[in-house]
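*Asks:* Sequence:
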Amino acid sequence: MSLETRTSILSGLPLRLVQIVCVLLLGLKLAQWSMAGAFMDEAYYWMWGQHPALSYYDHPPLNSWLLSLSSAVFGWNLFALRFPVALAFFADIAALWLIARRIGGDWRGHFWLTLLLFLATPIFSMVTNYALPDHILLTALLFATYFFLRFFMDRSAGQGGATRDLLLGGLFLGLAGLAKYNAAFLGLGVGLFVLLFDRALLVQFRLYLAAALALVLQAPVVVWNATERFASFAFQLGGRHAGLSAAIDGILPFLLGVFILVGPFLFWPIFRFAFARQNAAPGIGFARTTFFVSTAVIVALSFVTATLFHWNLAAYVAMLPFIALYMRPRWLVPLQALWGAAFAVAMLVNFAFVPITNLSGWKDEATAWSYDWSTVAQAVETARDKYDVGFVAGVDYTTTSLLGFALKDRNVVSLDPAREQYDFWFDRQAHAGQDAIIYADRWRPITRAIERRFASIEEIGTVMVTAQERNVYRQRIYLAKGYKP
188 MSLETRTSIL
198 SGLPLRLVQI
208 VCVLLLGLKL
218 AQWSMAGAFM
228 DEAYYWMWGQ
238 HPALSYYDHP
248 PLNSWLLSLS
258 SAVFGWNLFA
268 LRFPVALAFF
278 ADIAALWLIA
288 RRIGGDWRGH
298 FWLTLLLFLA
308 TPIFSMVTNY
318 ALPDHILLTA
328 LLFATYFFLR
338 FFMDRSAGQG
348 GATRDLLLGG
358 LFLGLAGLAK
368 YNAAFLGLGV
378 GLFVLLFDRA
388 LLVQFRLYLA
398 AALALVLQAP
408 VVVWNATERF
418 ASFAFQLGGR
428 HAGLSAAIDG
438 ILPFLLGVFI
448 LVGPFLFWPI
458 FRFAFARQNA
468 APGIGFARTT
478 FFVSTAVIVA
488 LSFVTATLFH
498 WNLAAYVAML
508 PFIALYMRPR
518 WLVPLQALWG
528 AAFAVAMLVN
538 FAFVPITNLS
548 GWKDEATAWS
558 YDWSTVAQAV
568 ETARDKYDVG
578 FVAGVDYTTT
588 SLLGFALKDR
598 NVVSLDPARE
608 QYDFWFDRQA
618 HAGQDAIIYA
628 DRWRPITRAI
638 ERRFASIEEI
648 GTVMVTAQER
658 NVYRQRIYLA
668 KGYKP
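Quick note on numbering: the working numbering labels position 235 of the sequence shown as 422, and the sequence is numbered without any gaps.
Derived by calculation from the structure, the hints in this document are not laboratory data.
This structure is a prediction, so every number in the text was calculated from the model and none was measured.
C-beta: ideal position from N, C-alpha, C; glycine also.
A hint or two may mislead.
[To be verified] Now the in silico label distances, taken between C-beta atoms and shown as ranges:
| id | residue 1 | residue 2 | range |
| --- | --- | --- | --- |
| 1 | 203 | 278 | 23 to 33 Å |
| 2 | 416 | 439 | 31 to 41 Å |
| 3 | 493 | 387 | 36 to 46 Å |
| 4 | 516 | 604 | 17 to 27 Å |
| 5 | 672 | 573 | 44 to 54 Å |
| 6 | 447 | 389 | 18 to 28 Å |
| 7 | 291 | 565 | 55 to 65 Å |
| 8 | 491 | 384 | 23 to 33 Å |
| 9 | 632 | 461 | 39 to 49 Å |
| 10 | 562 | 263 | 46 to 56 Å |
| 11 | 619 | 281 | 50 to 60 Å |
| 12 | 458 | 672 | 50 to 60 Å |
| 13 | 392 | 288 | 22 to 32 Å |
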């Protein structure tokens, strides 16, 4: 079967219907950006952007550099927080369009079906909702995939492959590395593909030039780590991995996350993509090796430590531009669309209207914290002026960042004994003896470790957060006197 025949099958689906569903899903995305409150981690990365640096403790800097730039242009508000996300999202669509055109055949049908799957796959919906490093990782990986595809398609056709495409692939791979460390899986996937299937490239200087370009772009991360005793590298390699009481405690949550956030209706097409004897389109072998490398490493990690659903993003990005070629039987497409639409609606309702995951017996702090912080921020401002304190603090980075975002205050402090990015900004000795206003709640209460840091702590106010006239949770404000570093 020729490529033209294979891809023309896509037009058997009602194209107009596919386009209408895409527009509806885009509408849900716009509503999510504009109506959902700041998510705890994106508020954390926003605070990074208020402290420009070469890199940071948890992740490389690209996401926070963009947030810093957005803040400088648009101010301190939700629009500035989400603008880089929206910009990267539409860049994702442009990359998918470019890849579809390069694949050829019925490329318009391929593009619209790929766009539908992109919008209707929860993992992509999640990472494009918020200003997390993953959203810009996704964009950089897609453009790297586009240029590597151009290069390897030419080589599969007996041509040498344009050096320009290889170098641009390396450039975007390097930018992906500046977003998040797991971008390395694409580099490893390309390297494995060359080693197994295109060894002639191993003697060509341009391959190593592209790799060097990707590595040189990591200079800010390397320099920052060198000046901070390799703090971020140590955290990624060991500090965040506490181990498991049993191997099943890691793999089961990972598999559940895959089931929900990839969707069961993509399992068979993904299997076909991964294990097909022939490529559905020339030159996509590097995407398959990337999928295998990333998935193998993350699955292996899940047996020894808790893993998060988005750690395997490089694998999902590798298959995304090509999965439409494997969507058989055709009825899997509407089922995946329904799965993704239901997820998008649930996300919007949960984070913007009523916290449906904050049910009795299942109190979800990530959802609850997405609701109104303006009232408690005003109360904290009043208390700060009344008691003339030296600083405002939270119990850990999550609530500290959300409070800081609401206060528009870059100098809030996290009192968590565990190491966080806030530790690189807070001069403990300079605040010795000062009083503080501390925010706490049911999920992040005042701990004994925090109590030992002050001469006394007393509650001075509470705020009940409500949504649709129902109580969500209670926020608490404390006056802490006599800070002891």
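*Asks:* Taking the hints in turn, state whether each one holds.
*Replies:* Here is how each hint holds up against the structure:
no. : hint                  : in the structure
1   : 203 / 278: 23 to 33 Å : 26 Å, holds
2   : 416 / 439: 31 to 41 Å : 36 Å, holds
3   : 493 / 387: 36 to 46 Å : 42 Å, holds
4   : 516 / 604: 17 to 27 Å : 54 Å, violated
5   : 672 / 573: 44 to 54 Å : 25 Å, violated
6   : 447 / 389: 18 to 28 Å : 41 Å, violated
7   : 291 / 565: 55 to 65 Å : 58 Å, holds
8   : 491 / 384: 23 to 33 Å : 31 Å, holds
9   : 632 / 461: 39 to 49 Å : 46 Å, holds
10  : 562 / 263: 46 to 56 Å : 18 Å, violated
11  : 619 / 281: 50 to 60 Å : 53 Å, holds
12  : 458 / 672: 50 to 60 Å : 56 Å, holds
13  : 392 / 288: 22 to 32 Å : 30 Å, holds
The earlier numbered hints that this structure contradicts are 4, 5, 6, 10.
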